[in-house]
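Dock chain B against the given chain A, drawing on the hints supplied.
Chains A and B supply the protein sequences, listed in that same order. As numbered in this note's numbering, residues 1 to 76 make up the first sequence, in order. As numbered in this note's numbering, residues 1001 to 1568 make up the second sequence, in order.
Everything labelled a hint here was simulated from the structure, so no lab data went into it. Be aware that a few hints might be false.
Within a straight-line C-alpha distance of at most 30 Å, the following computed DSS-like cross-link-like pairs (lysine-lysine) qualify [what the hints assert, rightly or not]:
#1 1456(B) to 1551(B)
#2 7(A) to 1509(B)
#3 12(A) to 1065(B)
#4 1065(B) to 1551(B)
#5 1024(B) to 1108(B)
#6 1509(B) to 12(A)
#7 1551(B) to 1108(B)
Some chain A residues flagged as far from chain B (calculated, every beta-carbon gap over 10 Å) [said to hold, decoys possible]:
#8 9
#9 12
#10 40
#11 52
Per label pair, the in silico range of CB-to-CB distance [said to hold, decoys possible]:
#12 1140(B) to 54(A): 43 to 49 Å
#13 26(A) to 1289(B): 25 to 31 Å
#14 74(A) to 1426(B): 52 to 58 Å
#15 12(A) to 1325(B): 35 to 41 Å
#16 1390(B) to 12(A): 32 to 38 Å
#17 54(A) to 1547(B): 50 to 56 Å
#18 60(A) to 1426(B): 39 to 45 Å
#19 1517(B) to 66(A): 27 to 33 Å
#20 60(A) to 1425(B): 44 to 50 Å
#21 1057(B) to 12(A): 53 to 59 Å
Computed from a predicted model, the values in this text were never measured in an experiment. Beta carbons are placed, not taken as given, at the ideal position from N, Cα and C, and that holds for glycine.
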Amino acid sequence: MVSEKLKGVILKELELDDWDIQDETTAETVPGWDSLSHVRIVNAVEDAYRVRFRTSEIVRLRNVGQLQELLDKKLS
Amino acid sequence: MRRCVYDVDPEGLVWDAWRRHAEKTPDHEAIVHLTLEGEPVRWRWAELLQAASRAARWLEEGGVKRGDVCALIVRHHPLLYPLYLGISAIGALPSVLAYPNPRLHPDKFRHGLEGMAHRSGLDHILTERGLSAVVSPLVGAEGSTIRDVLYPLEALGGPPPAGSAIVGHPPATSDEPCLLQHSSGTTGLQKPVVLSHRSVLEHVRRYGEAIHLSDDDRIASWLPLYHDMGLIAAFYLPLSCGVPVVQLSPMEWVASPVTLLRAISDERATLCWLPNFAYNLMADRIREEDLQGVSLSSLRLLVNCSEPVRAESHDRFLRRYAPRGLRAEALGACYAMAETTFAVTQTRPGTEARRVSVDRAELSRGTVVPDEGEAARRCVSSGMAIAGCSVRVVDDQGRDLPDGRVGDIVISSVSMFDGYRNYPEKTREVLTDGWYRSGDYGFVLEGECFVIGRRKDVIIIAGNNVFPEDVEDAVGQVPGVLAGRVVAFGADDETLGTEIICVVAETEKSAEAGARALRLAIMQAAMAIDVTVSRVYLVPPRWLIKSSSGKPARATNKARALAELSWR
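Pulled out of the complex, with its shape left as it was, chain B reads as follows:
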């Protein structure tokens, strides 16, 4: 076993790190692309870099230049990887964006993309022909930064000629930008984060150390590359360190969650990152007969990240899969965000994430008081700060709080972003003297960080952030809903292991038939912005309690709705 992270040079460039693997281990697997139908596509290092070089030449011929931002809107496809690498090879900045869900109205998607292009400074869109009608109008539109739309999958099909040359990266320093990723959130309102080669490689090296990454490892992932967990943990980390990664389609996984477990078993994967809801989904929604021959004994670390970690989800998953070789000590966790490249804390490999049972009422008052009773809240540790990162918990005035006191989590990191691109006012809100205010709240106990929720009203569903304002705006336009009299909030769903979205809307409709139609109209309005509303509470005028600003107060109305209302 060799700790491959020590080969990573933070003074270098990511392309050079990849090229070294192609030179040293040309026949080793780099990426295994899995689909439900068809054989796996096994990219070996030399072939991957040759294909990336071909993509780089094609991009340059198409007018893509160093420093340009290339938005990649492509579904699960074996050419996505060389294309991404090829963009990096010429010194342009790749940025993976989510392919639009069919339920998202095309106008909404285009509008969101327009906002994102303006904010993030997108220069080129690389996508599939099927999106042509939606994205083409953005080229040359007033105020649009988008110069063209390219269709790389048609141009770059087929294997690259064997032995073809691997291009060199133009001269650059490691402080120059290498990628653009977006913080989680609604398309158009996501905040763009530019990271340098140094930030990424420094992070990969330190995070790799924290998880004891070695040549014996193999990563399996269904995570989308537009999410920091997928992009950094399951793409840059393995590629920079020369560890093979098995990539599945997020859409195929969610339709058939057993595909990940089969991939882990067949490919003997040792590492995997998952948001909390995935533990519940795979514990509850896979049939025993579909698991024949599946063994999870190769897994040494399963990292729960992107949502508050729930003890019940770990228990459920372990109960289900211990008979298939899953070990309790493989259940780890980490705390991460795009602004710090990825991880801030990580549990120790080989040790199950620590839990503490605490009094719920005391916790809501800001103090951690041990309680072993039935009603206690079981908080799961996300581990200690990794090398190069520091975590503090502070009060409303920014003063440090001692161990066991709940407050805002603030972070410093050697892999910190420099600020949101073209968004200085938002940067000022969150970054002060090198400390990033995460917006999460939690506590520290004996050096371990416990994240217990969001300071703001952001709803976290299946690892994605949903802003209640977006839902309220969409629902507020439904005929029959009183203008400005809507509140959206997230409520815990223990079965799903994530939050669900609830809406309280004031209306004058009281007849049952009218109310039923209005509920459906509200759900449809949310669907148009790709949000699933699970509970609709219809209330009479003046039911919602207003805050001092004159707007309905979310926390107060949430508590009242959950206590007093039936949702049907």
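Extracted from the complex, chain A is given alone in its bound form:
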């Protein structure tokens, strides 16, 4: 399940007050989350959690739930 912290990082980077972000939420359904802002969001998540993603990991992500899972794995 997407944590409030991850949701907050994403919304802050997109300058959105609020948006319903669930496991199955994909980038293209969130206002402002396009291919150009994607790398910015990934960087912000990395900074917030002090983790680093590999390029191949980033490209494989299909939704926010998978991003959360990847984060959980890195942090465990």
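Below, chain B without anything else, positioned relative to chain A:
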């Protein structure tokens, strides 16, 4: 070092140019297809042409005939190249179209494709099975030119049999059409440009000369082939001249920009073309730890093209990558468009693109006045006209302006298109006596061309043109927005090195919660046409200033919005 461009024969056919490489240098690399996962696919000349020949036979068996237009809607895939070449081998016209972004509503994509098919005369769609449900309804639909949808990736997998025959192109002259590309813009509203073998080969030869292309060169590119910069600079140029090209996926690059720098370093690439925003993205969004072992010392020319060139972007990129071997003199620029096949001007290889600092206020009044002050605008040269091209700067009446005066840029070129396909009225608007009105404005100084913006309100985002009318139409349908009371415009974003899209919309909603929901609804409406709106300004009724035609005036309202409004 041998200048390979002199082998290019503008009297010949592109297929014959490729076939010569397969005969002379069968084991040399032609295309290196890179992906993040898996080993590179290294197409060598003989194998590439054999695979293209197999594709040609498969296409003919499928009913594709000489002169047919084949739309290719395929993502980054190693079979895309032999397929493209195979279409050319039988005398059909390949046309690469963008694979739809998932955010684009399927109906919008289909509608855009339908419009494009009608305008461009698309006969066949070659795509992936995943698009079947979206594109199949277009076959046989009333008024549709599309005769069938083919799925080549399933049929053409696996390497071609070693030593298999390379087909011959049916007899043709170099003045016959060889490809169809589209001017940048919204799908369905893009203008189709047909180019002949002669135009392409003549251009490749002259542009290759301008950049001193040689056998020692190697090109790296993530550019999509539906864009003229990707198609001509990073596909036809290397393939026609026998220079290897390393192709990356645009989607993988934008998700992980370091992939291009790694490719340049690993493959020892010497040449690369990029739109301006890419310089900022790679300067700001790549972590030092991801750059371990990366060297850019092989790069002799990095060409900034497709957006107005920004001095700050070059500075930022150089500051970041000089320690990794990037040389200032590698930072070049060019001015190009699909209508002239590609390049019109190019900076001199081995010399950093020239800059001039000018007074902003004087520039907006049309005169170039040197100014070294803090507030000066630093304009970057796109170089001098390449051989076979001429550039003039003219006033509103079409009269030539002297050096240092800002006006409309008009162009003549030996590689000029003959007109937009099936679009004579649009052709008449832009082409007069062999001179093409680019719609860009800028100035010339000592023979060098400086492009400073678009004459019309077109917004250029990351090298792509977005028409404000499209955004206004989409936003105007959002409940809560007053009908016809919307203005969309582009605003410079120095950090991104490109423009962002802003919308001013009149509404009667004043409560904060309602306004917040409306902002999101406006952004979503733009998303459905694959446009990202970065700023939404909500204003009360009658805020927007109307022009004499009764429509809100974009330039006036843009100036007012940026001066008076907060976007949140």
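Structure-based check of each hint:
Annotation: proposed proximity of residue 1456(B) to residue 1551(B) holds, straight-line Cα distance about 15 Å (limit 30 Å). Between the alpha carbons of residue 7(A) and residue 1509(B) the distance comes to roughly 28 Å, so the proposed pair stays at or under 30 Å and holds. At most 30 Å may separate the alpha-carbon atoms for a hinted pair to count; residue 12(A) and residue 1065(B) exceed this at roughly 54 Å. Of the supplied pair hints, the one linking residue 1065(B) and residue 1551(B) is violated, its CA atoms being roughly 47 Å apart against a limit of 30 Å.
At most 30 Å may separate the alpha-carbon atoms for a hinted pair to count; residue 1024(B) and residue 1108(B) exceed this at roughly 47 Å. Straight-line distance between C-alpha atoms of residue 1509(B) and residue 12(A) comes to about 25 Å, which keeps the hinted pair within the 30 Å bound. Under the criterion of a C-alpha separation no larger than 30 Å, the hint pairing residue 1551(B) with residue 1108(B) is consistent with the structure, at around 25 Å. The beta carbon of residue 9(A) sits about 16 Å from the closest Cβ of chain B, which is more than 10 Å, so the claim that it is off the interface holds.
Listed as outside the interface, residue 12(A) is consistent with that label: its C-beta sits roughly 13 Å from the nearest C-beta of chain B, beyond the 10 Å cut-off. Against the 10 Å criterion, residue 40(A) falls within the reach of chain B, whose nearest CB is about 7 Å from its own CB. With a cut of 10 Å on Cβ distances, residue 52(A) falls inside the contact zone with chain B, its closest approach being about 7 Å. The given range of 43 to 49 Å is respected by residue 1140(B) and residue 54(A), whose C-beta atoms sit roughly 47 Å from each other.
Our hint of 25 to 31 Å for residue 26(A) and residue 1289(B) holds, since their Cβ atoms are close to 28 Å apart. Residue 74(A) and residue 1426(B) have their C-beta atoms about 53 Å apart, which keeps the hinted 52 to 58 Å range intact. Hint check: residue 12(A) to residue 1325(B), Cβ distance near 36 Å, so the stated range 35 to 41 Å holds. The hinted window of 32 to 38 Å between residue 1390(B) and residue 12(A) is violated, with their beta carbons roughly 51 Å apart.
Our hint of 50 to 56 Å for residue 54(A) and residue 1547(B) holds, since their Cβ atoms are close to 52 Å apart. Between residue 60(A) and residue 1426(B) the Cβ separation comes to about 43 Å, which falls inside the hinted range of 39 to 45 Å. Range check, residue 1517(B) to residue 66(A): Cβ separation about 28 Å, and the 27 to 33 Å hint holds. The given range of 44 to 50 Å is respected by residue 60(A) and residue 1425(B), whose C-beta atoms sit roughly 48 Å from each other.
Checked against the hint of 53 to 59 Å, the pair residue 1057(B) and residue 12(A) passes, with Cβ atoms roughly 56 Å apart.
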